[in-house]
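Each chain, letter by letter, is given below.
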Amino acid sequence: MDLTATDEQRALRDAARELLAARMPPARLAALADEPAGWEPAIWSELAELGWLGVAVPDELGGAGMGLLEETILFEETAAVLLPAPFFATVALTLPALLSAGAGDLVADVLSGRLRTTFAWADADGDAALSEAAQTRLELSARGPDVVVTGSKAWVPDADRVEAFVVVARDDDDDELALLFVRRDDHGVELRPLTTIDTTRPLAAVELREARGRLLARGATARTAVQAVRDRALTLAAAEAVGIGQRVLDLACDYARERRQFGRAIGTYQAVSHALADVYVQVELSRSLVVWAALAVDASKPDADVAVAAAAAKAIPAAVDACERAIQVHGGIGTTWESPLHRYYKRALSLAALDGPPARHRARVADAVLG
Amino acid sequence: MQLQDDPDEGRYRAALRRWLSDNARHAPRLDGEPDASQIEAWRAWSRRIHDAGYAGITWPREHGGQGLGPAHQAIWLQESSRAGVPDHLGVIGIGMAGPTIGAWGSEAQKRRFLPPLLRCEEIWCQGFSEPDSGSDLASVRTRAVLDGDAWVVDGQKVWSSYAHIADWCILLVRTDRAASKHGGLSYLLLDMRAPGVTVQPLRQITGDPEFNELFLDGVRVPRDAMLGRPGDGWAVAMTTLSHERGTHGVGLAARLDAELRAAVALLTRRDARGRCPADDPLVRDAVAELSIELHALRVTNLRALSTLRRDGAPGPAATIAKLRWSELNQRLTALVGDALGPAALERGEAAVDRGRWSFARLRSRGNTIEAGTSEILRTIVAERVLGLPSSR
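Top line first, the protein sequences correspond to chains B and D.
Going by numbering that gives the first Met the number 0, the letters in the first sequence line up with residues 0 to 370, in that order.
Going by numbering that gives the first Met the number 0, the letters in the second sequence line up with residues 0 to 391, in that order.
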């Protein structure tokens with residue numbers, strides 16, 4: 000047993016911090032997040048060159064051959080600066096599906112930085128939770144390697160920042176689950192960007208009218224791929240939650256040391272300092288669950304899906320709570336647009352909307368514990 | 000990073016499991032405060048632990064220990080909890096007095112005290128807290144005045160577990176009233192049979208006399224029965240209180256894990272109509288939440304343990320262990336109590352699980368107070384981990 004970071008893991012974190020501090024200082028993030036475009040595509044080729052897109056991709060497919068654990072390090076750090084880029088959409092939500100489906104050519108395109116992708120799982124009239132992706136009613140209507148699909152997908156993250164979608168559908172012939180690869184520039188694809196609160200990770204509806212797609216996987220392979228996406232993306236969402244929780248805790252502690260009222264720093268008041276101690280405890284406990292989940296997924300442990308559910312159930316609400324407490328500690332300034340806190344809060348709320356309420360994840364854990 | 004045992008740890012765990020399965024039948028069964036015959040059985044069990052090489056696992060070999068690392072200690076704590084057997088009776092000796100003697104004692108003191116402590120031939124208790132010195136430990140007023148070849152001690156101590164069966168006591172006293180609050184303290188090794196020592200049981204909300212009050216009336220303690228020099232008492236006491244940071248939490252979490260499993264067995268036990276408390280979705284949700292929190296605590300403790308092994312100190316995450324364990328234990332006993340309804344009020348042999356849940360619910364209130372209140376622990380996190388300004 001050894002849960003200290005390896006030299007390689009520490010080097011990865013240090014390098015990520017250094018780059019992100021240079022590329023995404025708070026003022027830059029604030030400016031970008033309030034612009035219509037919302038991000039700088041130039042950063043993407045830099046991420047590709049650094050190998051961040053393929054950290055957990057096997058060597059033989061051109062990746063770094065590390066694991067989900069190493070990816071959690073990167074997602075903690077990118078979330079700590081709210082990096083506006085389709086990093087979660089491409090690496091957390093789509094790459095696992097491409098890998099699971101054996102689409103080596105598309106994986107290579109992603110790793111090179113030429114192809115950014117996102118995952119379109121939620122039906123407009125269905126359950127939007129990621130874990131319910133396999134319940135889709137979207138039907139594809141032709142057979143063979145190329146298929147045609149008509150219908151709509153809702154709540155697609157970073158849809159206007161990517162070149163292609165992995166769409167979850169089912170075969171109208173035999174009702175089997177299917178995964179399609181659809182290019183955004185296909186004439187049958189129309190995006191309807193939504194106005195949402197987290198501009199660092201926008202959402203869009205995607206209308207598909209006889210859109211042509213490549214069949215990536217169907218049946219058992221598709222189900223395995225969707226499960227892989229769920230396990231990895233939820234673990235990485237929990238890692239983002241840890242990054243957010245740590246960042247807003249740091250901001251609140253800085254403020255509590257400096258802000259003076261009644262002649263003393265407000266951090267001397269235990270009503271303030273104990274609230275921050277509680278946030279620290281919750282962030283550390285969440286960090287532990289992310290480590291447990293990542294190790295379990297990397298080792299394909301039988302309890303991996305329980306570990307993932309536990310990490311999501313704990314870390315994401317803890318990040319929301321950390322943001323709310325940080326706003327409270329900041330007082331009035333914490334509720335202004337000028338403060339960075341609202342951006343973290345909105346990302347935390349965006350994570351909380353990814354896979355339904357935490358009680359669902361706890362229900363999965365309850366089934367494992369109580370039978 | 001890896002959660003699995005390395006090959007050496009794996010062999011140690013396997014051998015321990017074999018030993019526990021062969022020997023667990025000799026362990027005393029403790030559902031509440033042990034009586035005299037249970038104490039005797041516990042002494043015998045402790046000697047068995049010692050003879051098998053599981054007492055003083057992290058102690059140096061020259062002090063009679065096993066010279067192993069914190070990971071082996073953690074394996075003992077995990078496996079003994081899993082087997083449902085109590086640890087060595089001399090927990091205060093092994094966890095607190097012994098390591099302090101090892102760090103501060105003379106060679107003669109180490110030779111005199113450490114071997115009988117490990118063999119459970121001598122039991123230790125702790126004389127730190129006083130009626131007016133709880134969280135503010137450095138304010139202790141029990142006085143020791145030098146008179147020839149002895150310190151003459153007068154005062155009162157409280158919350159001394161095992162004092163009624165103890166042979167020795169680690170005693171924090173004020174030897175210099177002119178010195179600063181912390182600088183006037185000294186650390187004595189008190190013979191509990193010395194004239195002037197009176198032990199009075201302190202009945203708890205469970206009804207059991209788990210703790211004791213200790214009255215010291217002109218007790219003569221030999222001048223050399225001191226750890227460190229006069230005025231070193233605070234530093235010596237910090238050694239006592241900091242020892243086993245990193246592994247203590249592993250033991251607490253392992254015991255709580257066993258409690259949770261017992262609770263799950265109870266909550267899923269079906270009555271004559273085929274119903275059980277775990278049919279209720281709210282009970283299921285609460286059990287899941289506890290299970291998640293316990294996993295989080297377990298891994299946090301293992302992170303602290305790994306850091307302890309690498310750096311010699313467990314790192315900031317270790318401060319969480321006791322704070323979080325105490326709150327989770329309270330939540331678990333409340334969950335079971337609420338699910339049981341009026342049956343949760345019963346005590347004694349005829350009660351559900353022989354009354355362990357009603358006892359546990361009452362006992363757990365002390366968890367957030369003993370060994371550092373939750374308020375003090377939050378202040379420690381705020382000041383030492385988060386670097387917030389001192390509230391004092």
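It is worth saying that the hints were derived from the structure and are not from the lab.
Just to be clear, a hint being listed does not mean it is correct.
[To be verified] List time: in silico DMTMM-like cross-link candidates among lysine to aspartate or glutamate, alpha-carbon distance up to 20 Å:
{"no.": "1", "chain 1": "B", "residue 1": "Lys300", "chain 2": "D", "residue 2": "Asp4"}
{"no.": "2", "chain 1": "D", "residue 1": "Lys180", "chain 2": "D", "residue 2": "Asp153"}
{"no.": "3", "chain 1": "B", "residue 1": "Lys345", "chain 2": "B", "residue 2": "Glu34"}
{"no.": "4", "chain 1": "D", "residue 1": "Lys109", "chain 2": "D", "residue 2": "Glu61"}
{"no.": "5", "chain 1": "B", "residue 1": "Lys345", "chain 2": "B", "residue 2": "Glu323"}
{"no.": "6", "chain 1": "D", "residue 1": "Lys109", "chain 2": "D", "residue 2": "Asp231"}
{"no.": "7", "chain 1": "D", "residue 1": "Lys109", "chain 2": "D", "residue 2": "Asp190"}
{"no.": "8", "chain 1": "D", "residue 1": "Lys321", "chain 2": "B", "residue 2": "Asp277"}
{"no.": "9", "chain 1": "B", "residue 1": "Lys300", "chain 2": "D", "residue 2": "Asp5"}
[As the list claims (entries may be wrong)] Here are some of the chain D residues that sit facing chain B, going by a computed Cβ distance under 7 Å:
{"no.": "10", "residue": "Leu19"}
{"no.": "11", "residue": "Leu136"}
{"no.": "12", "residue": "Val151"}
All of these numbers come straight from a predicted model, not from anything done at the bench.
The beta carbon of each residue, even a glycine, is placed where N, CA and C say it ideally should be.
*Determine which of the earlier numbered hints do not hold for this structure and return their numbers in increasing order.*
As far as the earlier hints go, 10, 11 and 12 are violated by this structure, in ascending order.
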